[in-house]
Every structure is written in structure tokens, then in C-alpha cells.
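Protein chains in written order, with numbering that gives the first Met the number 0: chain A, 0 to 75; chain B, 0 to 75; chain C, 0 to 75; chain D, 0 to 75; chain E, 0 to 75; chain F, 0 to 75.
Quick caveat, the hints were computed from the structure, so don't treat them as lab data.
Do not take every clue at face value.
Only pairs whose alpha carbons sit at most 27 Å apart, straight line, appear in this in silico DSS-like list of lysine-lysine [claimed, not checked]: (1) F:29 <-> D:9; (2) D:29 <-> C:9; (3) C:29 <-> C:40; (4) B:29 <-> A:22; (5) B:40 <-> B:22.
Bear in mind the structure is a predicted one, so any value in this text is a computation, not a measurement.
Number of protein chains: 6
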Amino acid sequence: MAETWLPTLKTATPQEGFELATKLARIGVKVTQPSAELRDKLRAAYEQDTAQLIASSHVIATHFQTVAAANNYWRD
Amino acid sequence: MAETWLPTLKTATPQEGFELATKLARIGVKVTQPSAELRDKLRAAYEQDTAQLIASSHVIATHFQTVAAANNYWRD
Amino acid sequence: MAETWLPTLKTATPQEGFELATKLARIGVKVTQPSAELRDKLRAAYEQDTAQLIASSHVIATHFQTVAAANNYWRD
Amino acid sequence: MAETWLPTLKTATPQEGFELATKLARIGVKVTQPSAELRDKLRAAYEQDTAQLIASSHVIATHFQTVAAANNYWRD
Amino acid sequence: MAETWLPTLKTATPQEGFELATKLARIGVKVTQPSAELRDKLRAAYEQDTAQLIASSHVIATHFQTVAAANNYWRD
Amino acid sequence: MAETWLPTLKTATPQEGFELATKLARIGVKVTQPSAELRDKLRAAYEQDTAQLIASSHVIATHFQTVAAANNYWRD
Chain A
0 MAETWLPTLK TATPQEGFEL ATKLARIGVK VTQPSAELRD KLRAAYEQDT AQLIASSHVI
60 ATHFQTVAAA NNYWRD
Chain B
0 MAETWLPTLK TATPQEGFEL ATKLARIGVK VTQPSAELRD KLRAAYEQDT AQLIASSHVI
60 ATHFQTVAAA NNYWRD
Chain C
0 MAETWLPTLK TATPQEGFEL ATKLARIGVK VTQPSAELRD KLRAAYEQDT AQLIASSHVI
60 ATHFQTVAAA NNYWRD
Chain D
0 MAETWLPTLK TATPQEGFEL ATKLARIGVK VTQPSAELRD KLRAAYEQDT AQLIASSHVI
60 ATHFQTVAAA NNYWRD
Chain E
0 MAETWLPTLK TATPQEGFEL ATKLARIGVK VTQPSAELRD KLRAAYEQDT AQLIASSHVI
60 ATHFQTVAAA NNYWRD
Chain F
0 MAETWLPTLK TATPQEGFEL ATKLARIGVK VTQPSAELRD KLRAAYEQDT AQLIASSHVI
60 ATHFQTVAAA NNYWRD
């Protein structure tokens, strides 16, 4: 991953911050399983496994804490 | 998800903050499994699986930390 | 849930804060499984499943972080 | 639990703070499974289940974050 | 591990911070299972287990919170 | 555990902080399963279970947040 994919944690709105958190959660999977082909195959399974959907949502929530703090909760 | 569904993290009361945290937890599932039809089918299963209910409650708790901090814990 | 059940995160003591955290963890389950009858039936099972008891304790711990911060750790 | 079991989050040392975190993790189980007899019976099982031992350690870690912050990390 | 592998939490960019978080998550496995040979063998299994990929992503997210805070969210 | 094993959260470097976090994660297991003999026997099993290795890494990450904050992220 030589290209720049995370230049900043700043986003214009909370919603864009949530989208960034989702991206970070996915990158966290990608660094462990770099094969896009294999991830696509695996995705078919976990998309129908609610325990894993909830676990994914938890990872997003953890990243959203970071992104929200980085943006001072979009208070300004 | 082109529409705006998260304009702000501010809520009038802690209770509304908890409701927002619940919404964020659900959106976190939705971004991974976008099919409403499939989510409804899956919901029937996990609503009776206490381990998954507790895990869902954990995701809400994580988001509630963020929302509460964003609102300065509704101290003002 | 039209009634007010969370007017404030302030509590008089750490112990009352812990009780509030416990309540929030339970509400987090309730919003996903609103049927009291079904929750009572499910409760019989997970009360004897230590993995789920530990997971419940984890959710309480997460909410207790929020409640403790909201009360400035009852330092004042 | 009418008696006072958590008058303060202040402890003299980090080690006592860790002990308090351990106590909070156990109370978190106790509020869901109040029967001491049943908890003792269940304990025999999970004490030999490493996944549950690790999960217990995680709950302690979460509470230790709270207790450490409450004590300003015992820096003073 | 006598050599220095973590001289600082400072990184130039958020992306490098994410890479450091990934490294910390891996070191966390390494301290429990020091055998590189065995870890390689085990890796073959968990790389195709989505639940474990998501759990790994969660650990990275937790470390990323720490690294991001250490860098003041790269705001400066 | 009458002896002092945690006099301070201060460490000279981030790396020593990570080692302290690892120690805290292990103590968290030890307080629940005090038998060293039994822990050694159990260790043989979980050292080859990647899900448990990842879970251990997560506990370390949680403690590392605390230790890093206590050391002001070794910024000084």
C-alpha cells in the first residue's frame, strides 16, 4: 500500500466521519488478508452471519470514536 | 446513502443521545449488509440469541461514549 | 419508549453510577429485543452461561466509563 | 445491594486500583447472576476455559482505564 | 525482544499511524506466541476466517486510538 | 498477592509501556485463575488457538491505552 489512502482524519461532517470509520475498519481487515479475491469470497459468508455483522459494527464504532475526537466532535 | 442521516452528534438530552447511539450501531450493520430484506430475515434469528443481543448492546455502549463526549455529557 | 428514563448521567455516588451503567446495558438489549416476555425466557439461559455473564459485565464496564467521566469521577 | 460497596474510585496505588477494577468486573457478573451458589458452580467451569479467562481479563482492563483516569494515573 | 522496536508513538501521517497500530496488534500476538514458525502455520487458518479477520481489525482500531491521541490526531 | 507488583504506571519508553500492558493482561488472567500449574497447562492449548491469541492482543491493546495515557504518550 504505497499510495496515500489516509491523508487526514478531518472530515466536513459527522456522516463523512462515519464513512471514514467504516473505511478504516475495512482496511484493518485488508492488512491481514490482502487478497481482494479471497475477501470477496469470504464476504459472501459473513454478510449473512449476524454475529459478524455486529462485530463489524463494533469495529466501526471504535474507529468512529477516534475520528470524532480528531474532529472535536464537529462542534466548531 | 446519499441523503444526510447524521448532520450532528448534538442531542437535547442523554436519552436522545442513547437513541442516536442505537441508530449508529444499526447503520454500522447496514453498511456491511445493505439489503433491508436480508437484514429483516437475519433479525428474526439474532433477536432470540442472547449472545448477539449483548454484543449489540456493547456496540451501542461504544457509540454512546462518543455521543456523550460530543455533548459534554449534557452537563451544560 | 416515550417516557423519560434517562434525564441525566449525574449520580450522587460511584455506586449509583455503576447501577446506572447496569441499567444502560439492559436498555441496550431491550431496544433490540423489545418483548419483555421473550427477554425473561432468554434470561433463564444466559444467566447460567458464564461467557455471556462476562460479556454483560463488559458492556456495564463500557457504560461505567461514560458515567464516571460524566461525573468527573466523583472527585468534586 | 443496599450496603455501600463503592464509596470512591480513589485508591492509594495503581495496584490497589487494579484490585478495584477486578472487583468491579466481578460485581458486573453478580448483578446479572445474583445467586452466589450458582456463580460458584459456574466458576468451576470457566476457570479452566482460557477464552473466558481472557475475556475476564478484558473486562478488568476496561475498568482499570476508568479507575486509572479517576486517580489521574497516580501521577500526583 | 532486547532490541528497540517501539522508540516512539509519533508518526508523520495518520496513515503511518495506522501502520504502527497494525504492528502493535501483531506484536501483541507475538508476545503470547513467540514462535514465528507456529505463527506462520496458524496464519494460514485465520486468514480465511472472517470472524478472526474482524477481531484483528478491532485490535488495530484499539491501538489506532492510542497512536492517534499520541499524535494529537495529526492536527498540528 | 501481598507483594508490590505495580508501584507505578510510569515507564521510560513506549516499548516498556507495552511490556507493562502485557504484564497487566496476564495479571488479569491470574486473578481469576490463581493456579500457576493450571495456567501452564491451559497455555499449551490457547497458544495454538489464533482466536485466543487475537483476544489476548486486544486485552494488551486496552491496557496499553491506559499506560500510554499515564505517560502522556511519552511526549515529554
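Against the structure, the hints come out as follows:
Annotation: proposed proximity of residue 29 of chain F to residue 9 of chain D holds, straight-line Cα distance about 23 Å (limit 27 Å). For the suggested pair residue 29 of chain D and residue 9 of chain C, the alpha carbons sit about 23 Å apart, so the restraint of at most 27 Å is met. Straight-line distance between C-alpha atoms of residue 29 of chain C and residue 40 of chain C comes to about 13 Å, which keeps the hinted pair within the 27 Å bound. Between residue 29 of chain B and residue 22 of chain A the CA atoms are separated by roughly 14 Å; this keeps the pair inside 27 Å, and the hint holds.
At most 27 Å may separate the alpha-carbon atoms for a hinted pair to count; residue 40 of chain B and residue 22 of chain B meet this at roughly 19 Å.
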